[in-house]
Amino acid sequence: MSAEAETKPAQIIGVQAINMALMEAMEADPTVLVFGEDVADPEGGGVLKCTDGLSTRFGDHRVRSTPISEQAIMGAAVGAAIAGMRPVAEIMLMNFISVAMDQLVNHAAKIRYMSGGATSVPLVVRTLTGAGMSLGGQHSDMLEAWLAHTPGLKVVIPSNPADYKGLLLSCIEDDNPCVFIENSTLMYTPGDAPPPGYKVPLGKASTPRVGSDVTLVSYGRPVLDCIAVADKLAAEGISVEVVDLRTIVPMDEAAIFASVGKTGRVVIVHEAVKRFGVGAEIAARINEECHGQLKAPVGRIGAKYSPVPFSSALEKDYIWTAAGIEAAVRKVMG
Amino acid sequence: MSAEAETKPAQIIGVQAINMALMEAMEADPTVLVFGEDVADPEGGGVLKCTDGLSTRFGDHRVRSTPISEQAIMGAAVGAAIAGMRPVAEIMLMNFISVAMDQLVNHAAKIRYMSGGATSVPLVVRTLTGAGMSLGGQHSDMLEAWLAHTPGLKVVIPSNPADYKGLLLSCIEDDNPCVFIENSTLMYTPGDAPPPGYKVPLGKASTPRVGSDVTLVSYGRPVLDCIAVADKLAAEGISVEVVDLRTIVPMDEAAIFASVGKTGRVVIVHEAVKRFGVGAEIAARINEECHGQLKAPVGRIGAKYSPVPFSSALEKDYIWTAAGIEAAVRKVMG
Amino acid sequence: MSTQQNFPAEPGTAELRDVYSRVMLIKMTDERIRRVIRSGRIATPHYSPRGQEVIAPSVCAQLNPDDYVVTIYRGLQDHLAKGVPLKSLWAEYAGRATGSCKGKGGPMHITHPAAGVVVTTGIVGSGIPIANGLAWASQLKGDGRITVTNFGDGASNIGAFHEGLNLASLWKLPVVFVCSNNTYSEHTTYEKVTAVKRISDRGASYSMPAVTVDGNDPIAMWKAAHEAITRARSGGGPTLIEAMTFRFEGHTNGDDSHYIPADVMAAAKEKDPVPRFRKLLLDGGHATEAELDAIEAKIKDDLDEAVDYALNSPWPDAAELNRDIYDEEIEA
Amino acid sequence: MSTQQNFPAEPGTAELRDVYSRVMLIKMTDERIRRVIRSGRIATPHYSPRGQEVIAPSVCAQLNPDDYVVTIYRGLQDHLAKGVPLKSLWAEYAGRATGSCKGKGGPMHITHPAAGVVVTTGIVGSGIPIANGLAWASQLKGDGRITVTNFGDGASNIGAFHEGLNLASLWKLPVVFVCSNNTYSEHTTYEKVTAVKRISDRGASYSMPAVTVDGNDPIAMWKAAHEAITRARSGGGPTLIEAMTFRFEGHTNGDDSHYIPADVMAAAKEKDPVPRFRKLLLDGGHATEAELDAIEAKIKDDLDEAVDYALNSPWPDAAELNRDIYDEEIEA
Ligand SMILES: Cc1ncc(C[n+]2csc(CCOP(=O)(O)OP(=O)(O)O)c2C)c(N)n1
Ligand SMILES: Cc1ncc(C[n+]2csc(CCOP(=O)(O)OP(=O)(O)O)c2C)c(N)n1
Ligand SMILES: [Mg+2]
Ligand SMILES: [Mg+2]
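Top to bottom, those sequences are chains E, F, A and W. Take the first sequence: its position 259, counting from 1, is numbered 259 in our numbering, and each next residue is one higher. Take the second sequence: its position 70, counting from 1, is numbered 70 in our numbering, and each next residue is one higher. Take the third sequence: its position 332, counting from 1, is numbered 332 in our numbering, and each next residue is one higher. Take the fourth sequence: its position 289, counting from 1, is numbered 289 in our numbering, and each next residue is one higher.
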């Protein structure tokens, strides 16, 4: 084994990170419950194997495969949370929250407030989504803007295995309802394994690349392309800072404003449909708070205003591209 | 009867405007169907009487009271529309679309696209909402941002009886799924009755007040306060233009940019939660398109980041106020 | 750990008097609420339980304080039968800081964990899946609690009902599903929207014991509830109770029931459960006129006090707008 | 106006041969799809109907071309049985401009109105309420059409099923609800998630005629479908058919069915409906080996041609991104 290989941390993928976080959380806290379609071991421990081994280790009273009944799943999470448990419910794909929106937005998000703080709902919803795999219009949507517009929820979208693990643990420990959004591609993308016990606080952005000319604000899968573009442009002498938000609610606005204050130029990149997306709020906030400091209009990249197309020929042009990010950076550079 | 009274058009309220539009549409086109909870005459013609008289006149085959089954209602609308009808489904209150979101966003909005244009879904969903009546957290939400972020839907929010009528007729004639959002207060607020056959095209803003110093961009119930503030400030010599968007999708951006191009100052006002709301997209677009022309940062007013409180003591401070609009106008005036 | 009280399978004098007191508390509170709303001193939607008062007390009198109740907008009967204090209830109706939800939730969302009232929802059917979650937690903790959830006949046609009853049956959850069948959903009759003769017939879809009972008969209601509660508490799983009743006061304030044929309303009022219950107590020698009058007098005093308390309570402070959205205060 | 064809209550030779041809078309197309996907020439999720081929043809052979079919992700059997042309189907699988949805929808959303295939959905249960809408339109127009909607056993636990069957029964809609019960929802067994012995028992909740039938038996399936179709077409309202079957190829490509016990799979494969059907035709003198071989040969040729067509078709143009979102083209 070479010296280099020795110092390089082990690589894991998102699926493993999720599994590690759930194992640790269930081990540490007997009130943590895991349930959803196919999650128990007789069902294979989840279609992606995220929950593999949990029911064997912690028992089928705490880890349960459910019927295809998203309202019942989400409602059970709400009730169990009110009764003092820490349910981690899986909604197999994010589009399916559309059948459970009532429980999520009218109940999970609002019960603490409507009860005047008499009850609270410390649940986690894990859900998977993302374009780029030819899954078509009903299996790929990024709907975080709906959730961010729903006060009472926290919304988390990590970009790498270490964050998957660290943020999921924080969601489970958090006393508020958290929606944890996993990406179909990232779940198989390797990254550095975090040390045991690793946790990432909610509401704190990371800065995978430090730079001084332009800020890229992003989250989730496009962060990888932001980093690639930053590295490419560094060779040309364009210094790009990449801010990975990690959580949409609460949002680390201080990190955004600090970076934009430094660079004066910013491009926001997300996978979701651009129009009325999270990027609109970020852009509006930057324009409000960094008004005198902007050297160019805020750039925004998101998916086209359309359902997600099936054909790979269309899908690749539907979402962001590295080339598009690069072009946007060059544009704000003037 | 005085001469003045003779020239003043008759006054109607929103409820009557809706009823007139439905009557006209059902009369003109036998494929128009009306259904939802309590809408037929044996059930009183709707809880607000919007659909009063329809089932008696057009028969209970075309006008049907349904079970409390919003998924079944929305699904029936999708299917009937595909089969060539023009269903107008009522979802009693906007919060209840949360139980029917799947049919609305995964199906109504996407079916034309996913079928490559082989089918289309010309349905209308009428729904009621709005704060200010102490209906609490689950009966008052403005959720138009969710719908606007869902490509394939059209989204309409009128501010006065004439527009209620004219826009509803346009929605029914439109070949796309339209969500028509009524406001609980406006439904009882009188306004000029439109002439028979009156129609308002989708995607065209109106300008109830023309001005040159500041633009107020709004829609729905806050438009009334925008107008009141414009009138008040006119007396002080501040000239306020009020742009009433009327439709959120498609949005009359040309009207917004033209007005802001003229005034250089703009405040956006809506009832929905400000954060991640429709105003964020409008602000982002103005900053993108009117970059050099802005004399002050774009102002934004919306509800606080919280569920809708029950107590009138809190509810009044939760949403926009006329005083808040006035202060925002003065602020952008510098 | 929930105290395992032993309630008799049939109500005796003590039980009937207990239930009756709760029934009268509900009836008189509802009447007072409607009066105060009409007077303009409180502005809120209100869903009267007048005519349906017997159901909740017959169930709740057999529950422990820490058993959970999940109810709906028409929930006053559950709130009071389960023991939400009159003062915090009234203050919530009045939107005051001293209300059970600090004025933030309102009558449609009354919450009082000390009385076991943990969820009141305004969305038809949505309490059902939540009740499962509460019951699942009890099952896991082995705390002996059961969960009762109330909903209307109209709710039996919504998806959440189906998903909820299926899961409860599969997981043998300690839940009692109480459907108060007043034969109307807002303005619509049962037959027009429900493709089954009795809602209890739907129990078979979930292999769940289900029964239809006269919800205006305190003895029949007690017995049905006793069986269901015993089943839930002993690990036998859920039960569906369809309690037949009627509502006399319109769906909500302002609704004059114009869509209910006069003869139907008249026949229903003939069966008003409250005078019927009073007669049962008197005829059966369970109580004297004087004793029953004393109950009413006491409730009247309590109501006077509660209304006074509510209307003289402070409004919530604007700072409350920033609280209880999350565990930590935010700038809302 | 839908042509009122008269199909016999029991299938004769002609009917059985018709059904068998469709069955074989489904089986061979599915096998080819899996082969082409494995070869890497097409990248798409695919939900194999292998093992379930008899159900859809037994129904669709008794439908008119303009009758509506609503189906789901596992819908290949319905698409083919109802007559979606192989070329546009294959081109859609390949994401090409010539696909039935121009490559925009993909296999999970195959749409071909000329064949009556108007909705294919990827959301479990969601086709049911939509089927009602189509059927309601037919009822209003008096066009004589009926609507068939297919879904799995797992779908019977979701809210849309409940709401949809209730409404269909109330409005006496001309719908046939076909539940293909393969005893698995993805990796989960029927018993673990369904609190009723037979899904057909749920018909009672909606006062709806319901029947459980061996979905691998073409004669039993034909008869059950005939009764339901006749009922729907004559204004008698909806029927629920639970067709018992099994899937041999995993939930989707990549799934090796590891969660299905080997003996369960072996027993199911013993009952493979396709060889059984072939035997029935031969034993009953309905067809000769040579005739059946000719059917297969023809299908093979058609498949060769369709695959070729699909893989040589153009990709959709980027301009398509702006089309079909609304009736008018927009800058997406
Ligand atoms: C999902 C949903 N749809 C519609 C409503 C509006 N709504 C409130 S109460 C009600 C009628 C409910 O009838 P039922 O379940 O019989 O209860 P009841 O009011 O008779 O006690 C309706 C339609 C709602 N609150 N939630
Ligand atoms: C609302 C919803 N939840 C979950 C899924 C994911 N999913 C796709 S197919 C499936 C299993 C469906 O089982 P069943 O209804 O029995 O049909 P089968 O696949 O066996 O034909 C699941 C859970 C989905 N598509 N929609
Ligand atoms: Mg009722
Ligand atoms: Mg199945």
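No wet-lab data here; the hints were simulated from the structure. Beta carbons: idealized from backbone N, C-alpha and C, even for Gly. Incorrect hints may have been included.
[Said to hold, decoys possible] Every beta carbon over 12 Å from chain A, so not counted as near; a handful from chain F, in silico:
id: 1; residue: 37
id: 2; residue: 95
id: 3; residue: 236
id: 4; residue: 289
[As the list claims (entries may be wrong)] Covered stretches of chain W, as calculated for chain E (at least 3 residues, CB under 8 Å):
id: 5; stretch: 205-214
id: 6; stretch: 317-323
So, going through the hints one by one against the coordinates:
1. At roughly 6 Å from the closest C-beta of chain A, the C-beta of residue 37 of chain F falls inside 12 Å, breaking its exclusion from the interface.
2. Against the 12 Å criterion, residue 95 of chain F falls within the reach of chain A, whose nearest CB is about 7 Å from its own CB.
3. With a least CB separation of 28 Å from chain A, residue 236 of chain F remains clear of the 12 Å interface cut-off, as annotated.
4. Consistency note on residue 289 of chain F: stated as away from chain A, and its beta-carbon is indeed over 12 Å from all of that chain's, at 30 Å minimum.
5. Coverage of the stretch 205-214 of chain W by chain E is violated in this model, with 0 residues showing a Cβ closer than 8 Å to a Cβ of that chain against a need of three.
6. Requiring three or more residues with a Cβ within less than 8 Å of a Cβ of chain E, the coverage given for the stretch 317-323 of chain W holds, as 4 such residues are present.
Checked against the numbered hints above, the structure breaks hints 1, 2, 5 and satisfies the rest.
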